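Enquirer: Sequence:
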Amino acid sequence: MMKVANRLHSVEEYYFSKKLKEVNALKAAGKPIINLGIGSPDLQPSSQVVAALTAGLLDANAHKYQSYQGLPEFRQAISEFYKTHYNVSINPDAEVLPLMGSKEGIMHISMAFLNEGDSVLIPNPGYPTYAAVTKLVQANPITYNLDQSNNWLPNLDEIETLNLSNVKIMWISYPHMPTGAKAFKTDLKKLIDFAKKHDILLVNDNPYSFILNNNPLSILNVEGAKDVCLELNSLSKTFNMAGWRIGMVLGSPEHINAILKVKSNMDSGMFYGIQKGAIAALNSRQDWFDSLNKVYTTRRKLVWQLADKLNCTYDKEASGLFVWAKAPEGYKSETFIDTLLHDKSLFITPGTVFGTQGEGYVRFSLCATEEQIEEAIARV
Numbered sequence: 001m002m003k004v005a006n007r008l009h010s011v012e013e014y015y016f017s018k019k020l021k022e023v024n025a026l027k028a029a030g031k032p033i034i035n036l037g038i039g040s041p042d043l044q045p046s047s048q049v050v051a052a053l054t055a056g057l058l059d060a061n062a063h064k065y066q067s068y069q070g071l072p073e074f075r076q077a078i079s080e081f082y083k084t085h086y087n088v089s090i091n092p093d094a095e096v097l098p099l100m101g102s103k104e105g106i107m108h109i110s111m112a113f114l115n116e117g118d119s120v121l122i123p124n125p126g127y128p129t130y131a132a133v134t135k136l137v138q139a140n141p142i143t144y145n146l147d148q149s150n151n152w153l154p155n156l157d158e159i160e161t162l163n164l165s166n167v168k169i170m171w172i173s174y175p176h177m178p179t180g181a182k183a184f185k186t187d188l189k190k191l192i193d194f195a196k197k198h199d200i201l202l203v204n205d206n207p208y209s210f211i212l213n214n215n216p217l218s219i220l221n222v223e224g225a226k227d228v229c230l231e232l233n234s235l236s237k238t239f240n241m242a243g244w245r246i247g248m249v250l251g252s253p254e255h256i257n258a259i260l261k262v263k264s265n266m267d268s269g270m271f272y273g274i275q276k277g278a279i280a281a282l283n284s285r286q287d288w289f290d291s292l293n294k295v296y297t298t299r300r301k302l303v304w305q306l307a308d309k310l311n312c313t314y315d316k317e318a319s320g321l322f323v324w325a326k327a328p329e330g331y332k333s334e335t336f337i338d339t340l341l342h343d344k345s346l347f348i349t350p351g352t353v354f355g356t357q358g359e360g361y362v363r364f365s366l367c368a369t370e371e372q373i374e375e376a377i378a379r380v
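Letter by letter, the sequence shown follows residues 1 to 380 of the working numbering.
To be clear, the hints were calculated from the coordinates, so they are not data collected in a lab.
Treat the hints with care, as some may be off.
[As the list claims (entries may be wrong)] Capping the alpha-carbon separation at 16 Å, the derived lysine to aspartate or glutamate pairs in EDC-like fashion look like this:
#1 Lys301 to Glu223
#2 Lys135 to Glu317
#3 Lys196 to Asp147
#4 Lys135 to Asp118
#5 Lys27 to Glu334
#6 Lys309 to Asp287
#7 Lys168 to Asp118
#8 Lys309 to Glu223
#9 Lys301 to Asp287
#10 Lys344 to Glu22
#11 Lys21 to Glu317
#12 Lys185 to Glu223
#13 Lys27 to Asp338
#14 Lys21 to Asp42
#15 Lys344 to Glu359
#16 Lys301 to Glu317
#17 Lys294 to Glu370
#18 Lys83 to Asp93
#19 Lys31 to Asp338
#20 Lys189 to Asp199
#21 Lys344 to Asp315
#22 Lys135 to Asp147
#23 Lys190 to Asp157
#24 Lys326 to Glu104
Just so we're clear, the structure is a prediction, and the values are computed from it rather than from any experiment.
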């Protein structure tokens, strides 16, 4: 049998890929599983978005290869969206690159800037893909700890004690996944200054800024950010378009051109109709965001009730698509969630998925109906 590449030995199958096999087996055996583990929006895109996609199917150019850089009008819509909602000026021809989901951007950025043996600063807890991709490109992940006492923000004094000589990239994600902690401009300015001091590319992964958050913020709104920063963003959560696979990376022309060199060798452009739907989404009026957050506000209140019944504690000031909660005293994360899965047919995510600093925490998703969450409350 052909041996796999050595790089595959550095990573494991994604947690949710493995765990959902167990969850689905329980469902097949007749267990009435309620899934509050996955952040996959169950709500629909707007009718305008679906109509734009449908109309795009009939365009004479719809089924041809598309530009690696996306439609000019798509890039223009991204630029206008950033100006309207983040007060950031973006050159649509040079400072933005559409992506097939922001997750692919993590790989593209890593391939564009990392050599074998380079180091990468990765948040703990944080999105597992940062570490996995770092290992796949044969760079070295260096985790930096986040904790509740510092509102899940990087402790730069601690990070300064690490060996930063080979660090090329630092990943951050604010609003933070999985905790929902928010960073303010003063926090981001300190991170930008740190990146400049150490010649590090600072990448903010920003897909949650419109979910239960009244003050969306882009790191590119901070003075000097484009010198050392990139920002990833996505339509998945904000517009209920996770399966469409639409994201973007924004930054200086030099950084964007480097990423384009990778991307243009890995795909042949995004489907025309999806881009037309994305344009319609980015042009959504304020009432779209208000209606979406009205639903999530109601769901979050119910999840808080569920957490209370489970003797979990949480921060009501956090934002995003999840409730990050401290498990009851004495429980380890995976023991707690497995007990709920097998005794109550309720699946939530253990905090350890996101790093060692997630031990003792669990994450509830808001991507379930009110009726499902109410049923979960009744079960416990």
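Enquirer: All the hints need checking, so say for each whether the structure fits it.
Expert: Comparing the hints with the structure gives:
1. For a cut-off of 16 Å, the pair hint linking Lys301 to Glu223 is broken: about 37 Å separates their Cα positions.
2. Straight-line distance between C-alpha atoms of Lys135 and Glu317 comes to about 34 Å, which puts the hinted pair past the 16 Å bound.
3. A distance of roughly 24 Å separates the Cα atoms of Lys196 and Asp147; the hinted pair therefore is violated under the 16 Å criterion.
4. Restraint check for Lys135 and Asp118: satisfied, since their Cα atoms lie roughly 10 Å apart, inside the 16 Å limit.
5. Straight-line distance between C-alpha atoms of Lys27 and Glu334 comes to about 20 Å, which puts the hinted pair past the 16 Å bound.
6. Among the hinted pairs, Lys309 with Asp287 is inconsistent with the structure: their alpha-carbon atoms are about 33 Å apart, more than 16 Å.
7. For the given pair, Lys168 sits about 7 Å from Asp118 by alpha-carbon distance, which is consistent with the 16 Å threshold.
8. As the CA atoms of Lys309 and Glu223 are separated by approximately 45 Å, the hinted pair breaks the 16 Å bound.
9. Taking the CA atoms of Lys301 and Asp287, the gap is about 21 Å. The hint is violated against a cut of 16 Å.
10. For the hint linking Lys344 to Glu22, the alpha-carbon distance of about 15 Å falls within 16 Å, and the restraint holds.
11. With a CA separation close to 34 Å, the supplied pair Lys21 and Glu317 exceeds the 16 Å bound.
12. Our distance criterion of 16 Å between C-alpha atoms is met by Lys185 and Glu223, whose separation comes to about 10 Å.
13. With a C-alpha separation of about 15 Å, the suggested pair Lys27 and Asp338 falls inside the 16 Å cut-off, and the hint holds.
14. Of the pairs offered as hints, the one joining Lys21 and Asp42 is violated, with about 20 Å between alpha carbons and a cut-off of 16 Å exceeded.
15. Among the hinted pairs, Lys344 with Glu359 is inconsistent with the structure: their alpha-carbon atoms are about 22 Å apart, more than 16 Å.
16. At roughly 12 Å between alpha-carbon atoms, Lys301 and Glu317 fall within 16 Å of each other, so this suggested pair holds.
17. Between Lys294 and Glu370, the direct Cα distance comes to roughly 12 Å. Compliance with the 16 Å bound is thereby established for this hinted pair.
18. Restraint check for Lys83 and Asp93: satisfied, since their Cα atoms lie roughly 15 Å apart, inside the 16 Å limit.
19. At most 16 Å may separate the alpha-carbon atoms for a hinted pair to count; Lys31 and Asp338 meet this at roughly 14 Å.
20. Taking the CA atoms of Lys189 and Asp199, the gap is near 15 Å; set against the 16 Å cutoff, the hint holds.
21. Restraint check for Lys344 and Asp315: the C-alpha separation of about 25 Å exceeds 16 Å, so the hint is violated.
22. Distance check on the hinted pair: Lys135 and Asp147 sit about 24 Å apart at the alpha-carbon level, beyond 16 Å; violated.
23. Under the criterion of a C-alpha separation no larger than 16 Å, the hint pairing Lys190 with Asp157 is consistent with the structure, at around 11 Å.
24. Of the pairs offered as hints, the one joining Lys326 and Glu104 is violated, with about 31 Å between alpha carbons and a cut-off of 16 Å exceeded.
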